[in-house]
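Enquirer: What follows is the residue order along each chain.
Protein chains: 2
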Amino acid sequence: MESKIRIGIAGYGNLGKGVEFAIAQQPDMELVGIFTRRDPSSVQPVGDNVSVYQLADVEKHVNDVDVMILCGGSRADLPEQGPALAKLFTTIDSFDTHAKIPEYFDAIDAAAKPSGTTAILSVGWDPGLFSLNRLYGETVLADGATYTFWGKGLSQGHSDAVRRINGVKNAVQYTIPSEEAISKVRAGKQPELSTREKHVRECYVVLEAGADAATVEDTIVTMPDYFSDYDTTVSFISEEEMQQNHSTMPHGGFVIRSGKTGKGTNQVMEYSLTLDSNPEFTSSVLTAYARAAYRLNQLGQHGAKTVFDIPPGLLSPKDPAQLRKELL
Amino acid sequence: MESKIRIGIAGYGNLGKGVEFAIAQQPDMELVGIFTRRDPSSVQPVGDNVSVYQLADVEKHVNDVDVMILCGGSRADLPEQGPALAKLFTTIDSFDTHAKIPEYFDAIDAAAKPSGTTAILSVGWDPGLFSLNRLYGETVLADGATYTFWGKGLSQGHSDAVRRINGVKNAVQYTIPSEEAISKVRAGKQPELSTREKHVRECYVVLEAGADAATVEDTIVTMPDYFSDYDTTVSFISEEEMQQNHSTMPHGGFVIRSGKTGKGTNQVMEYSLTLDSNPEFTSSVLTAYARAAYRLNQLGQHGAKTVFDIPPGLLSPKDPAQLRKELL
Numbered sequence: 001m002e003s004k005i006r007i008g009i010a011g012y013g014n015l016g017k018g019v020e021f022a023i024a025q026q027p028d029m030e031l032v033g034i035f036t037r038r039d040p041s042s043v044q045p046v047g048d049n050v051s052v053y054q055l056a057d058v059e060k061h062v063n064d065v066d067v068m069i070l071c072g073g074s075r076a077d078l079p080e081q082g083p084a085l086a087k088l089f090t091t092i093d094s095f096d097t098h099a100k101i102p103e104y105f106d107a108i109d110a111a112a113k114p115s116g117t118t119a120i121l122s123v124g125w126d127p128g129l130f131s132l133n134r135l136y137g138e139t140v141l142a143d144g145a146t147y148t149f150w151g152k153g154l155s156q157g158h159s160d161a162v163r164r165i166n167g168v169k170n171a172v173q174y175t176i177p178s179e180e181a182i183s184k185v186r187a188g189k190q191p192e193l194s195t196r197e198k199h200v201r202e203c204y205v206v207l208e209a210g211a212d213a214a215t216v217e218d219t220i221v222t223m224p225d226y227f228s229d230y231d232t233t234v235s236f237i238s239e240e241e242m243q244q245n246h247s248t249m250p251h252g253g254f255v256i257r258s259g260k261t262g263k264g265t266n267q268v269m270e271y272s273l274t275l276d277s278n279p280e281f282t283s284s285v286l287t288a289y290a291r292a293a294y295r296l297n298q299l300g301q302h303g304a305k306t307v308f309d310i311p312p313g314l315l316s317p318k319d320p321a322q323l324r325k326e327l328l
Numbered sequence: 001m002e003s004k005i006r007i008g009i010a011g012y013g014n015l016g017k018g019v020e021f022a023i024a025q026q027p028d029m030e031l032v033g034i035f036t037r038r039d040p041s042s043v044q045p046v047g048d049n050v051s052v053y054q055l056a057d058v059e060k061h062v063n064d065v066d067v068m069i070l071c072g073g074s075r076a077d078l079p080e081q082g083p084a085l086a087k088l089f090t091t092i093d094s095f096d097t098h099a100k101i102p103e104y105f106d107a108i109d110a111a112a113k114p115s116g117t118t119a120i121l122s123v124g125w126d127p128g129l130f131s132l133n134r135l136y137g138e139t140v141l142a143d144g145a146t147y148t149f150w151g152k153g154l155s156q157g158h159s160d161a162v163r164r165i166n167g168v169k170n171a172v173q174y175t176i177p178s179e180e181a182i183s184k185v186r187a188g189k190q191p192e193l194s195t196r197e198k199h200v201r202e203c204y205v206v207l208e209a210g211a212d213a214a215t216v217e218d219t220i221v222t223m224p225d226y227f228s229d230y231d232t233t234v235s236f237i238s239e240e241e242m243q244q245n246h247s248t249m250p251h252g253g254f255v256i257r258s259g260k261t262g263k264g265t266n267q268v269m270e271y272s273l274t275l276d277s278n279p280e281f282t283s284s285v286l287t288a289y290a291r292a293a294y295r296l297n298q299l300g301q302h303g304a305k306t307v308f309d310i311p312p313g314l315l316s317p318k319d320p321a322q323l324r325k326e327l328l
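Protein chains in written order, with the numbering used here: chain C, 1 to 328; chain H, 1 to 328.
Just so you know, these hints were derived from the structure itself, not from any lab.
All values reported here derive from a predicted model rather than from experimental measurement.
It is possible that part of the hints are untrue.
Any copy will do: because identical chains look the same in the list, a pair fits if it lies in one copy or spans two.
What the hints assert, rightly or not - Pairs of lysine to aspartate or glutamate, DMTMM-like flavour, derived with a Cα cap of 25 Å: (1) LYS4 with ASP212; (2) LYS4 with ASP309; (3) LYS60 with ASP109; (4) LYS198 with GLU217; (5) LYS4 with ASP64; (6) LYS87 with ASP225; (7) LYS184 with GLU240; (8) LYS189 with ASP229; (9) LYS189 with GLU179; (10) LYS263 with GLU179; (11) LYS113 with ASP309; (12) LYS325 with GLU103; (13) LYS260 with ASP319.
Starting from the given sequences, assemble the full structure and let the hints guide the process.
Expert: So this is what it looks like as structure tokens:
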């Protein structure tokens, strides 16, 4: 029996907790510990006998961890932690600021390649599994159009971005597909739809005492990459209302490729997710890709990678012959 | 500008025609010619100025073709043609006799590896894209159940198998998902369902003059791998009825992974295809994978491969940086 893949978790919010749960479901992985910027004694892991360490001391564990799963936010944490940790460990992260992926990739690659580590970035469902379906869609049905719809659901990255604004105490952001846009796509009409036409974004915000609502609202709706291209509504609510009505994190959505083959034959490929917990699902994707990162590193394939670079079979604990027999 | 990938088509039925159409949609591919066991002058390609050659002379074209796409049937053609052509060319095929994939893989691998060719086998949608979704499903949601449903649709492989029975002049086979089974799965109940419980198979058969209907029916319903595990009905019809009512080839189906994360949170991943032409879609998948086979061969990765071994990015004419920027 081979030894288990030793996993570390860097950052212990919803995503980190989800990774802890996901590791427990994988037969060939074990959790080495949680690494946090907080006081370790203040962190309560979901499992028993889980070690919690200072993130500042992470270098001491460089020989104990095979793959570090980065569970920080894309806006403030990962741009710094991603390259720093990729110098020390083979890593997985869920960097999801789509417009900044190319520069983030370059920074990670520059850190990982000379260090002999392997870093798979922007893993999750979008970017991640949805990206894969956009790719399979447009390569198979070369003559066609691809549509990605999100929601209704809470977006972690966007909620996080709102929470970091000065004067915001707490916030959630829901993405909602436009019913009108969906109807057009399902009818096979291949309409041209702008980002703004496909979804609306709803923000619920709890202000810090003394914060100016108009300033916060303006900061949100004009935020580049996140909100400036969308119809965004902002509602200010109390902390009590937030806890009562906005404490679960459902999400989902779908990727549709509508295309034509032969002399104009209609073909439709559709991928959809219905998630009762967005962070727990994202965590499960991160954890599956940790196995692939470990194997690629063992194979000497170093540097930055994305889901597009990963042979799907490397995600599975089953060996190639078993996969062919059972799943092909 | 790089030179185009030069494609050959071995076998020119519905699948071969579909590949010819699909190549025309790909910016970086060109069709070298069609290779047939028939008299080449009897073959009418869909495009103009397409060369048609004797399959027996295929070895003369070994330096003209980068990837040979095998468009023969799984039951009688591919077990022989697959290994023979993999000795000469980098190949793609759609071998779809699930139970025999492991031995077919070994035969192809033994032919391709010493020849320095790359052969991706069992490409299409099932096996193929559905297999990928079974894999992504069970690796991400490790605690769960996977369901594959087909149809309603015409199955090429099964129709082909019936047509090869002595006394059968023409035949089509439709696979139909059981409505009762689908309802249980959609309700998130993770029921245990046997192959027989999930689908029924309907065959429509035109007999040769003098053939014995009872013998043909018995041969169909007891055929291993193809029909013996299913509730199968056989109807005998006239050639006129066959042409009038059974001349299009729609298909589709879905793969659902229903799983639990965290402390019992429900998560559902679903992949579905709605195809107005099954062979044209399968051909489009084969053609996209031809690009990956060509690239793997260029990279020195020889031998037999399946969709599980192929990094998704290799399917696309776009380069990795463009994929990250546009699709991730």
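Enquirer: Up to 25 Å between alpha-carbons, please classify LYS260 paired with ASP319: within, between, both or neither.
Expert: Classified as between: cross-chain Cα gap 24 Å, same-chain 36 Å, threshold 25 Å.
Enquirer: Evaluate LYS87 and ASP225 at a C-alpha cut-off of 25 Å and name the case that applies: within, between, both or neither.
Expert: Neither: 28 Å inside a copy, 51 Å across copies.
Enquirer: 25 Å Cα cut-off: does LYS4 pair with ASP309 within a copy, between copies, both or neither?
Expert: both (24 Å within a copy, 23 Å between copies)
Enquirer: How would you label the pair LYS189, ASP229 (within, between, both, or neither) given a Cα cut-off of 25 Å?
Expert: within (24 Å within a copy, 40 Å between copies)
Enquirer: Classify it for me, LYS263 with GLU179: is the Cα-Cα distance of at most 25 Å met within a copy, between copies, both or neither?
Expert: Cα proximity of LYS263 and GLU179: none, with 31 Å in one copy and 33 Å across.
Enquirer: Reference check for the pair LYS184 and GLU240, CA-CA at most 25 Å: within, between, both, or neither?
Expert: Neither. Shortest intra-copy (39 Å) and inter-copy (39 Å) distances fail the 25 Å Cα cut-off.
Enquirer: Check LYS60 against ASP109 for me: Cα-Cα at most 25 Å, and say if that holds within a copy, between copies, both or neither.
Expert: Within. Shortest intra-copy distance 23 Å satisfies the 25 Å Cα cut-off; inter-copy 45 Å does not.
Enquirer: Treating 25 Å as the Cα threshold, decide for LYS4 and ASP64: within, between, both or neither.
Expert: within (12 Å within a copy, 48 Å between copies)
Enquirer: Up to 25 Å between alpha-carbons, please classify LYS325 paired with GLU103: within, between, both or neither.
Expert: This pair counts as between: shortest inter-copy Cα distance 10 Å, intra-copy 41 Å.
Enquirer: At most 25 Å between C-alpha atoms: does LYS4 with ASP212 qualify within a copy, between copies, both, or neither?
Expert: Neither. Shortest intra-copy (52 Å) and inter-copy (60 Å) distances fail the 25 Å Cα cut-off.
Enquirer: Treating 25 Å as the Cα threshold, decide for LYS198 and GLU217: within, between, both or neither.
Expert: within (22 Å within a copy, 52 Å between copies)
Enquirer: One pair to classify: LYS113 and ASP309, alpha carbons no more than 25 Å apart. Within, between, both, or neither?
Expert: both (15 Å within a copy, 23 Å between copies)
Violation of the numbered hints given earlier is confined to hints 1, 6, 7, 10; the remaining hints are satisfied by the structure.
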